[in-house]
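Chemist: Sequence:
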Amino acid sequence: MDWLRLPGHLAGIAASGRMAGQKSLRAGNCGRNGLRLFACAGQGSEGGNGRAARTSAACSRLEGIRQKTAMPKSQGHRALVAADKPDIRSFDRIPQSWGPRLTTGISTGVADLGVIRPGPDDAEAVVDAHFLITFLSPQRGRELRLASARSTTFDAPSGSVDLIPAGAGYYCRWEHPVECVLLSVAPDQLTRFAEREFDASRIELRPVVPGAVDRTAARIAGLMRDEMMQARPPGRLYMESLATALLCHTVQTHSSLAEQAASSQWKGGLPPRVWRETDEFIRENLASDMALSSLSQRAGLSYSHFLRAFRQTAGVSPHRYIMLQRAQLARELAATSRLPLKQIALQCGFANQSHMTTVMKTLLNETPGDVRRRLNFRPGPASSNEAPE
1 MDWLRLPGHL AGIAASGRMA GQKSLRAGNC GRNGLRLFAC AGQGSEGGNG
51 RAARTSAACS RLEGIRQKTA MPKSQGHRAL VAADKPDIRS FDRIPQSWGP
101 RLTTGISTGV ADLGVIRPGP DDAEAVVDAH FLITFLSPQR GRELRLASAR
151 STTFDAPSGS VDLIPAGAGY YCRWEHPVEC VLLSVAPDQL TRFAEREFDA
201 SRIELRPVVP GAVDRTAARI AGLMRDEMMQ ARPPGRLYME SLATALLCHT
251 VQTHSSLAEQ AASSQWKGGL PPRVWRETDE FIRENLASDM ALSSLSQRAG
301 LSYSHFLRAF RQTAGVSPHR YIMLQRAQLA RELAATSRLP LKQIALQCGF
351 ANQSHMTTVM KTLLNETPGD VRRRLNFRPG PASSNEAPE
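For the sequence shown, counting from 1, position 351 maps to 351 in full-length UniProt numbering; every step adds exactly one.
The set of hints was computed from the structure by calculation and includes no laboratory data. A virtual CB, placed ideally from N, CA and C, is assigned to each residue, including glycine. Mixed in with the good hints, there may be bad ones.
[To be verified] Cβ-Cβ distance ranges computed for the label pairs, FRET-style:
1) Gly315 to Asn285: 20 to 26 Å
2) Glu332 to Tyr171: 54 to 60 Å
3) Gly268 to Asn365: 29 to 35 Å
4) Gly167 to Thr362: 43 to 49 Å
5) Ser288 to Arg150: 52 to 58 Å
6) Ala291 to Ser201: 23 to 29 Å
7) Pro120 to Glu195: 37 to 43 Å
8) Ala287 to Thr191: 34 to 40 Å
9) Glu204 to Gln312: 28 to 34 Å
10) Glu204 to Gly268: 25 to 31 Å
11) Gln325 to Phe154: 46 to 52 Å
12) Arg140 to Gly268: 43 to 49 Å
13) Ser256 to Gly119: 50 to 56 Å
Kindly generate the complete structure, drawing on both the sequences and the hints.
Modeler: What follows is the structure in structure tokens.
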């Protein structure tokens, strides 16, 4: 799958498999200094009834939020202007009627990720944070004006990016429905991220040529979009990994730290003691909603270093490793206990019985029902109401 062919230094961060969804990410806004991600899905870029159905299922989960906060289309671009009320962040001004968003984490804060569906429109803002927009659909005749520069009209291929520095005046206009992922990070948040991940006290973002394609950003953004299109809740650990990967790539490619970041890639695995303690913590907390931040903090490493070191040691990402441990525990409980499968699913940290069945089939090539049928298991009265597989 093309989306999974990331460069080696990012594969350990983002290549986490397709079984995310063990716990729901919380909806709503994050703190003022949080990093935010926003996926925008254009109405004209569905590519078939399958994606349209998944889009409908995903968006319907937050329909109540959209109905309460929807703005008329004519207010769309005005909702982005933050200069008149600096206490409200530019990201918060994006109309909720464009679609829902969820919250996940990075090493120095949290991230918002959502799916929105704006048609042809324009937007104007003096942004109070750094914005990276990754386009997942082509845009013909896109007009862009940044800071005091003259407007530029160009064709933006799928995979191209816009990078808007904090404090810059920004205007854009698009004539066709757009699908994109938007990353927003406050200046102090980006500085803390650079300090934590790259041991650098200063960082400056570099301009991007209009229409320039960034294939790695597009692959990571595509994984985010695909995860949000699923009917089930997105996986917390999976989305944290993708958010960290996208921000790391932005620093490594579009900032003053590009050369330094390229020469300081983490190459070692976890020390034996750290791996032993991490593995024990994971196995003892399979029923809980483990966050990437708690795992990396226990190891004494930054997000990105922990992800790469964990993969170097375990051979898989933290998310896939945790899913495998949950699947193996579920198989053991299905074979040795009379617990209802619904209860086993929750006890192992899955979202529900269906999620447990999907993960076990993917990773172990058998379902809980297969395990019990193979052992001629006779369920007790409490198991009579289980959902069929």
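Chemist: Quick check: which numbered hints come out false for this structure?
Modeler: 13
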